[in-house]
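One letter stands for each residue in the lines below.
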Amino acid sequence: MKKTRFWSWFWMFLGGLYFFVPLYATLRFSLMMKKDVLSFMAYEKVIHDPKFLEAFSFSAQMAILTILVSLVLVVPTAYWVHLRLPKLKPIMEFITMLPFVIPAIVLVFGLIRSYSKPPLLLVSSPALLVAAYVVLALPYMYRSVDVGLRAIDVRALTEAAQSLGASWPRILFQVIFPNLRSALLGGTFLTFAIVIGELTIANSLAWKALGPYMTTLAGMKAYEPAALAVMSFALTWGSIAVLQFVGKGRGGAAPENMAGMH
Amino acid sequence: MDAQIKPVQQSNKDAPKARPYFQNLNWNWLGVVPFFLFAILFIFIPATSLFVGSFQNIEGEFTFRNIQMLFTESYIVNSFKLTILVSLVTAVGGALFGFLLAYAVTIGGLPRWVRNFLSTFSGVASNFAGVPLAFAFIATLGRVGLVTVLLKDLGIDLYGNSGFSLYSFWGLSLTYMYFQFPLMVLTIIPALDGLKKEWREACENLGASKWQYWRHVAFPILLPSLLATTILLFGNSFGAYATAYALTGGTLNLVPIIIGAQIRGDVLNDPNLGYALALGMIFVMGIALAIYYILQKRASRWLR
Chain A
1 MKKTRFWSWF WMFLGGLYFF VPLYATLRFS LMMKKDVLSF MAYEKVIHDP KFLEAFSFSA
61 QMAILTILVS LVLVVPTAYW VHLRLPKLKP IMEFITMLPF VIPAIVLVFG LIRSYSKPPL
121 LLVSSPALLV AAYVVLALPY MYRSVDVGLR AIDVRALTEA AQSLGASWPR ILFQVIFPNL
181 RSALLGGTFL TFAIVIGELT IANSLAWKAL GPYMTTLAGM KAYEPAALAV MSFALTWGSI
241 AVLQFVGKGR GGAAPENMAG MH
Chain P
263 MDAQIKPVQQ SNKDAPKARP YFQNLNWNWL GVVPFFLFAI LFIFIPATSL FVGSFQNIEG
323 EFTFRNIQML FTESYIVNSF KLTILVSLVT AVGGALFGFL LAYAVTIGGL PRWVRNFLST
383 FSGVASNFAG VPLAFAFIAT LGRVGLVTVL LKDLGIDLYG NSGFSLYSFW GLSLTYMYFQ
443 FPLMVLTIIP ALDGLKKEWR EACENLGASK WQYWRHVAFP ILLPSLLATT ILLFGNSFGA
503 YATAYALTGG TLNLVPIIIG AQIRGDVLND PNLGYALALG MIFVMGIALA IYYILQKRAS
563 RWLR
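Protein chains in written order, with the numbering used here: chain A, 1 to 262; chain P, 263 to 566.
Hints may contain errors.
In silico contact screen, one side only, chain P against chain A (beta carbon under 10 Å); selected entries [claimed, not checked]: (1) 290; (2) 300; (3) 310; (4) 344; (5) 365; (6) 367; (7) 382; (8) 402; (9) 444; (10) 478; (11) 479; (12) 482; (13) 494; (14) 503; (15) 526; (16) 555.
It is worth saying that the hints were derived from the structure and are not from the lab. The C-beta atom is built at its ideal place from N, Cα and C for all residues, glycine as well.
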């Protein structure tokens with residue numbers, strides 16, 4: 001027993017090293033802008049760069065739009081499928097899995113080919129960017145809503161509300177949504193984490209979003225990109241930490257992951 | 263019995279006649295129209311358009327030439343080989359390392375808090391990609407990175423004669439591992455938890471050694487999960503673009519990188535060849551995901 005424990009600790013130690021050394025290296029590097037002293041100068045430079053603010057607010061807006069569109073698109077559909085069309089469940093699962101089969105770079109390639117000529121000239125419109133992000137977020141949004149719906153008795157809740165004379169909007173907003181709160185929050189945070197630093201699609205559609213901004217900065221500066229990386233960890237990790245905290249409410253479901261975002 | 267059933271059958275038969283035909287149609291599908299419309303517009307149409315484009319020449323005539331070139335043009339064959347190799351190496355490496363860690367916190371007897379810590383951290387690290395991840399590794403193993411400098415002080419010059427470079431195959435693989443093995447940890451912990459105590463006890467009662475238990479019981483049960491997750495990891499790095507682009511700036515000849523370059527400017531001098539390249543990616547990913555799905559079904563038999 002002692003011997004196996006030793007190896008367990010050994011692997012954990014190695015894993016911890018691999019986890020933390022790159023983080024530590026980035027953090028240290030980001031603080032070294034002033035010679036011989038640790039300082040937050042790189043961070044100040046980043047925050048005061050108007051281009052950063054522009055890129056950040058653009059990405060944040062796109063994230064909010066993506067979240068809204070995904071919620072409107074996925075939640076009523078998933079609810080309706082659970083309630084009235086359970087036979088469609090496998091088809092829904094198949095469709096929402098497709099973004100895993102079609103890598104982001106391929107998706108955007110197809111979108112550009114399809115929508116760069118009339119009748120649907122969308123390439124230069126932010127609508128296409130949001131649509132692509134909704135597709136990227138689809139597996140995560142659908143899965144978390146689906147898990148939430150499975151945990152409650154949709155039919156009983158709906159019928160109970162109907163027999164008490166509730167209208168459809170009232171059923172959705174006052175009965176179903178409150179019961180899905182943690183699932184919806186989960187999907188929302190994941191979507192935000194996906195969109196905020198996204199590079200592939202923003203770059204291909206030539207938007208000045210946060211991801212492309214970071215890449216350009218990396219080519220020109222040394223310390224600022226490290227500071228940006230630390231800030232972006234903090235942001236992503238913050239949203240995922242909130243997500244895991246929220247997720248505890250639904251019985252310790254395994255944390256979702258964002259495969260396919262790399 | 264008969265007398266009881268008959269009236270029911272009769273009323274069933276009569277019901278359709280009592281109402282106009284259209285009321286009996288199922289109008290429920292109207293509720294899912296917006297979702298399907300979206301899926302058609304932004305998933306199916308782009309995919310189909312790539313598919314069609316791969317079988318056309320510049321003039322829009324039908325041809326197999328693009329598909330043929332995927333297998334004959336050495337530049338493209340090599341890029342597929344390299345992408346598949348990176349994915350294989352990081353999938354197998356990530357699966358091994360992830361399994362060892364997951365084993366350590368489940369069966370390996372480490373305290374509970376280590377397990378919680380590893381799960382939380384894996385949840386975060388598996389989402390960690392793109393530009394920030396590339397920066398982290400540049401700060402660690404780049405030419406003036408923390409570890410590079412540290413090793414240099416110890417007399418090991420990574421960039422000297424060892425031939426290592428963060429911006430090459432092994433550097434990229436090492437970077438990909440950062441989001442690969444946490445995914446393995448997350449998916450394999452439930453499978454390891456699924457190994458029931460009774461199975462081990464039954465083996466011990468029958469006089470089996472620890473090795474025999476693993477060889478004949480635990481390993482065969484875990485195999486589908488292990489393979490399924492490895493394939494998931496494969497797909498995870500096969501489609502990866504952001505990390506590779508941020509790290510190597512597009513110098514490494516990976517399929518996603520070529521497609522990215524093709525989008526920004528016609529580097530292949532043939533747009534239709536680009537579509538064929540994209541179709542090839544969908545094809546590989548489709549096969550990987552199909553195998554994953556089948557294996558996952560097999561694996562779930564033991565997880566009830």
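Comparing the hints with the structure gives:
1. For residue 290 of chain P, the interface hint holds, since its Cβ comes within 10 Å of a Cβ in chain A; the closest pair sits about 4 Å apart.
2. For residue 300 of chain P, the shortest C-beta to C-beta distance to chain A is roughly 6 Å, which falls under 10 Å, so the interface hint holds.
3. Annotation: residue 310 of chain P was flagged as interfacial toward chain A, and the flag holds, the nearest CB pair being 8 Å apart, inside 10 Å.
4. Using the Cβ-Cβ criterion of 10 Å, the hint placing residue 344 of chain P at the interface with chain A is not satisfied: the shortest such distance is roughly 16 Å.
5. Taking 10 Å as the C-beta contact cut-off toward chain A, the hint placing residue 365 of chain P at the interface holds, the least distance being around 8 Å.
6. For residue 367 of chain P, the interface hint holds, since its Cβ comes within 10 Å of a Cβ in chain A; the closest pair sits about 7 Å apart.
7. For residue 382 of chain P, the suggested interface contact is upheld, since its CB lies about 6 Å from the closest CB of chain A, less than 10 Å.
8. The criterion of a C-beta within 10 Å of any C-beta in chain A is met by residue 402 of chain P, whose closest approach is roughly 4 Å, and the hint holds.
9. Below 10 Å, beta-carbon pairs count as interface contacts, and residue 444 of chain P has one with chain A at about 8 Å; its hint therefore holds.
10. For the restraint placing residue 478 of chain P at the interface with chain A, the shortest Cβ-Cβ distance is roughly 20 Å, beyond the 10 Å limit, so the hint is violated.
11. Below 10 Å, beta-carbon pairs count as interface contacts, and residue 479 of chain P has none with chain A, the closest being about 18 Å; its hint is therefore violated.
12. With a least beta-carbon distance of about 22 Å to chain A, the hint placing residue 482 of chain P at the interface is violated under the 10 Å criterion.
13. The interface hint given for residue 494 of chain P is met, as the beta carbon of that residue sits about 7 Å from the closest beta carbon of chain A, less than 10 Å.
14. The restraint placing residue 503 of chain P at the interface with chain A holds, with a minimum CB-CB distance near 4 Å, inside the 10 Å limit.
15. With a least beta-carbon distance of about 7 Å to chain A, the hint placing residue 526 of chain P at the interface is held under the 10 Å criterion.
16. Of the supplied interface hints, the one on residue 555 of chain P holds, with its beta-carbon coming within about 8 Å of a beta-carbon of chain A, less than 10 Å.
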